[in-house]
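K.L.:
Put together the whole structure using the sequences plus the hints.
There are 2 protein chains.
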Amino acid sequence: MEPGDAVHPSPWRAVWALPLRLLLLLLLPLLLGRGLRAGAAASSAGAAAEDSSAMEELATEKEAEESHRQDSVSLLTFILLLTLTILTIWLFKHRRVRFLHETGLAMIYGLIVGVILRYGTPATSGRDKSLSCTQEDRAFSTLLVNVSGKFFEYTLKGEISPGKVNSVEQNDMLRKVTFDPEVFFNILLPPIIFHAGYSLKKRHFFRNLGSILAYAFLGTAVSCFIIGNLMYGVVKLMKIVGQLSDKFYYTDCLFFGAIISATDPVTVLAIFNELHADVDLYALLFGESVLNDAVAIVLSSSIVAYQPAGLNTHAFDAAAFFKSVGIFLGIFSGSFTMGAVTGVVTALVTKFTKLHCFPLLETALFFLMSWSTFLLAEACGFTGVVAVLFCGITQAHYTYNNLSVESRSRTKQLFEVLHFLAENFIFSYMGLALFTFQKHVFSPIFIIGAFVAIFLGRAAHIYPLSFFLNLGRRHKIGWNFQHMMMFSGLRGAMAFALAIRDTASYARQMMFTTTLLIVFFTVWIIGGGTTPMLSWLNIRVGVEEPSEEDQNEHRWQYFRVGVDPDQDPPPNNDSFQVLQGDGPDSVGGNRTKQESAWIFRLWYSFDHNYLKPILTHSGPPLTTTLPAWCGLLARCLTSPQVYDNQEPLREEDSDFILTEGDLTLTYGDSTVTANGSSGSHTASTSLEGGRRTKSSSEEVLERDLGIGDQKVSSRGTPLVFPLQENA
Amino acid sequence: MEPGDAVHPSPWRAVWALPLRLLLLLLLPLLLGRGLRAGAAASSAGAAAEDSSAMEELATEKEAEESHRQDSVSLLTFILLLTLTILTIWLFKHRRVRFLHETGLAMIYGLIVGVILRYGTPATSGRDKSLSCTQEDRAFSTLLVNVSGKFFEYTLKGEISPGKVNSVEQNDMLRKVTFDPEVFFNILLPPIIFHAGYSLKKRHFFRNLGSILAYAFLGTAVSCFIIGNLMYGVVKLMKIVGQLSDKFYYTDCLFFGAIISATDPVTVLAIFNELHADVDLYALLFGESVLNDAVAIVLSSSIVAYQPAGLNTHAFDAAAFFKSVGIFLGIFSGSFTMGAVTGVVTALVTKFTKLHCFPLLETALFFLMSWSTFLLAEACGFTGVVAVLFCGITQAHYTYNNLSVESRSRTKQLFEVLHFLAENFIFSYMGLALFTFQKHVFSPIFIIGAFVAIFLGRAAHIYPLSFFLNLGRRHKIGWNFQHMMMFSGLRGAMAFALAIRDTASYARQMMFTTTLLIVFFTVWIIGGGTTPMLSWLNIRVGVEEPSEEDQNEHRWQYFRVGVDPDQDPPPNNDSFQVLQGDGPDSVGGNRTKQESAWIFRLWYSFDHNYLKPILTHSGPPLTTTLPAWCGLLARCLTSPQVYDNQEPLREEDSDFILTEGDLTLTYGDSTVTANGSSGSHTASTSLEGGRRTKSSSEEVLERDLGIGDQKVSSRGTPLVFPLQENA
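The listed protein sequences derive, respectively, from chains A and H.
For the first sequence, the residue numbers in our numbering are 857 to 1583.
For the second sequence, the residue numbers in our numbering are 857 to 1583.
Check the hints yourself; a few may be wrong.
One copy or two, either will do: identical chains are not told apart, so a pair holds if it fits within one copy or between any two.
Claimed, not checked - As a list, the in silico DSBU-like pairs of lysine-lysine whose alpha-carbon atoms are at most 35 Å apart: (1) Lys918 with Lys1295; (2) Lys918 with Lys1092; (3) Lys1103 with Lys1092; (4) Lys1295 with Lys1058; (5) Lys1210 with Lys949; (6) Lys1210 with Lys1058.
What the hints contain is simulated information worked out from the structure, not anything from laboratory work.
Quick caveat, the model's predicted, so the values are computed rather than measured.
P.N.:
Shown next, in the form of structure tokens:
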């Protein structure tokens, strides 16, 4: 790792600037403004005569103003790009075009602007000056420069390879448009990842937790290892052919394997959402992609940390290897803990204060606490992005239940907007980077090799893992699901952010270029091919899941009482043979216990009996679940609401959260009508709840997973209130 | 202006760092993380032996990591501060404590942390190195440093006065905690100002527009001039007494007058909101404070631009003076135009696309367009903050009407949260800055003089201006209102941001310190004294204005049909003699025409007949208002909805926006019951509208301003639907 790139300078501003043809129209008033400022500057020139250094001051001031103006223009470029993207997305959605997703579109627009920037702007000289301060033998992050008696402070921005020192001045503008990689990690990724965690559909996620964990951890590791090894072969080949002269170690190949293993099937999931494809497949894909982002980020930093002792620094060293594994486990569990702890703290704060009377305060607190997770993890040397993911999951699981109705929609919408903007920004920046990034290394052999490797790497973990998982799963993962998962191996924002983070060495530059191309082609081709693929693989679509009702908050409160909104859809499709045990008409209670592993059951009952009552207003009172000698503590921690309604209140609420919230379709009471008696399920249990003194966790588990409908609904009275719009 | 401070370096990161006692508990896991990282670093040390520069790399890497960690910790400090503030605010609101506003609270917490930072942390040496590169005679914004063959790029951060070069290394931490002033202007102020514009209660604002403009423009100019002259006297006195040795010109005094003339009665307005004080007084105060922020910012930059030619650079020069005035007018009108144009473009885009089917896209577009105003203005050399203000007003007036119901609440809530966070951040930073800012100059004479000057400056524009305004106003501004306006001269975020922008010279440092103290005392003392003052001045409170119904979106659609929600409240209070012509039972139509100036009426009819129909879905069809030869154009621009309902549809909607949205109290249908027949007003006109072929603008003006209730309501059928919660 070169020193320059390791430094974290000003990501917010160390940024992009230059005149843009696209902006020509917008920039007409600029000339006027310039004239004004020039006048001001000219008149200030008079006064400056008094001071001997006035002319210098003026020059610096003008330079600073110019730099500020250029920063504004370049940010404006990106905003214009995003605006254009939004308008075209609207057009696409309006005309129901599905072959190109908004992210693909953002990349295309980025590419166009990139081409314009690259070939359409004159290569004017920059504002830099080269100082030869050779008396020091290393670079410092801060520099105090004594310029004829005055001291100026400079901060390190990065190293420039010696060959490019001259080109720096030539391509000042292009260099400026490629902005600091840390922006991705510190500003753009956190909202994306948090939103992924916060919008996780818990029920389906937890039902497939084992498989998701297997795919995410084992799968990513296998994929990383296979891609790394294949690429090492490719690199060897390139050396033989004479295409590669620079250093390219085995660890570099593994690093490439790690960063490229982070899948991001954003376009596939968007189409799943739009077509209402199978929820289990959705959960598998979404869960895998969310977690393997976390795995990939930690894996890549562990590989960077793998540094064997001794002279032969790139040979295998068991001690260093285990140290890397230790670092992986340490960082991962540390980040996980940090995220979970912040989530729990937020849940406690929102539970024990009456903040919910003031939604603005509540939303602000929620936002700050979630952000602080990121900073806390970074401050502790863990990975902020991973912490934010688990914080999001915890917030959705606990805190969300304590929020006021208004704050729920506020927080959802806030993070939805942030997520949307950040994601589209990253993708349009990717398009831009293909032409404006200065250090591209296009190596055809490496690129072709990489495409083959990621294909094989994905195949080598999806199919074997699915085979082993199917041995233990009751809901088998069918061949069509496996093919679909194989197909959905898109690469996106995370791979890009990891690749751009360090582009100091030749090997890393080659990786970056290859990653960029892989992202482009997977997003475009796979994104466009999803709809045909779905029908070709016979995967059921049109599963109407009423997961978006609480978009309309006013309907929500009626809905909640009468309907369990997240239960299995009825068996209404031809491809259903794959998931035979899936309908509510199957064997009953026994199934769930077999299906969910003992560890999940253990966790569930612990969560239900202790965590939920402590952290939220729902669940059984602690006084009934805790042993008698904890009586006082239990009474303090249990909120009074629990005694009033001893029901599993609102447990399904957080499943309401939108997953890809760019399409708000409302489905009314489709589930209620689709499945007859199931509509009255929650209502009737809540009626029972009042009479029951102690609810067994096993019973609640069954109830919550949607089993035993017939039994329960035959006793209770269906409490389905008239729906405001559909009734 | 010194060169160093004029440069705009990395505001996002050039930031704050250090261990905090408050954070001690939170930072325990840090040690663990540090251990991990140290392990990684140590193992990487082995491999580094291969390269001769490896040790340096390692050192730089570790330095960068440490710097990144410190950045996280310091940001975390601020987040913790905000979290603490939020929790305490909740407690205060919960217990109905009114003597201390949240901003005052944020300052107190900031002060406490500042004291801890200042006196509680050891003065460890920094990580800087001093290089003496004396071969150049000026500073450049970018530096290429050749360090033993490697090139490093440095960016200029600012100048350090020679006397402080040594102290820089000593107080590294404290220096870092005072972060870049441009952050305030580019990140924190825009959302605050935009929110102010977006949440303006249009009806009351426009009814008092003349007075507001007078207070904002004339008043600020008078105040600036008077304060400047008084302070010049104070400075002379200080020179005589021997308290001032450095330069302090007349222009500096005027500059101080400009920055300190920006009032920010945030605490007063919050209390007004809470107590539902008189709406006209609220409109006057809020409108004045919003606009005088804009005036102050442009005025101060015009004063900086005032640089007379010739040797005696600080004497009066007519040419330079008029140039300054020209700059003022140019920047102000330019910024105004820019903001209005962006708002209009957004309105057109939202009108002519069906974006409202996709609230997420709509919200994102709205956000981006609003932000682009800021950047566009900055890129053109205008003032982004001012442009954003007028953009907000335009968005509220036109675009808001085109948005979907969901986007309305989303945009409101988004900017509300941003505003809340930014405002509290600024105020807590102010508290912090009192102790951590390195260049304070406390001058008792100057500070006392400033307090006297701002008092006199405010008195000298409120009372005379009110006198002149009362000559033309039908609703006289009573003495109690004048006293209240006099009393509400708080200084806040804008004064601070303007003062901290340039603290290079001794004079500016003195101004900054004084501004900080003025903000503290005005916020604390005036904020605490508002409630007693209101009752002492006999200003009516408890005016129930149903301006917050559409908080509950589900009720809104019912409400809109039957009720004109923004009309005058009934005369129900003792202090009513002040506004005698205010009730709906007064003389009728004639009143409004007299009350509103002809220019306002002209604008109103132009707005109603042309702008609203072009930019929104409401108003009369253009085919009826435009001359016949524009038929084709008119048909293209008029939206089909207008023909369906030729009513002044939704014109009052944007008045719904919360002004100080930290308290969401709902008032149900209080207006409906409070004023009998007025409830059916809009509904009946909309029934009529269908029958009317051409609506005269004068008629609509009367209707919109709430006159002629009796006439209209006697003809129409009251269409008040049952309210969901109150019925």
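K.L.:
For each hint, tell me whether it holds in the structure or not.
P.N.:
Hints, verified against the model:
For the identical chains of this complex, Lys918 and Lys1295 are neighbours both inside a copy (30 Å) and across copies (25 Å), given an alpha-carbon limit of 35 Å. Proximity of Lys918 and Lys1092 under a CA criterion of 35 Å is satisfied inter-copy only: 33 Å between copies versus 53 Å inside one chain copy. When the C-alpha separation of Lys1103 and Lys1092 is checked against a cutoff of 35 Å, the pair qualifies only within one copy, where the shortest distance is 11 Å, while the shortest distance between copies is 70 Å. Taking the shortest Cα distances, Lys1295 and Lys1058 never come within 35 Å of each other, neither inside one copy (43 Å) nor across copies (53 Å).
Taking the shortest Cα distances, Lys1210 and Lys949 sit within 35 Å of each other only across copies (10 Å), while inside one copy they are farther apart (41 Å). Taking the shortest alpha-carbon separations for Lys1210 and Lys1058, both the intra-copy value of 26 Å and the inter-copy value of 33 Å come in at or below 35 Å.
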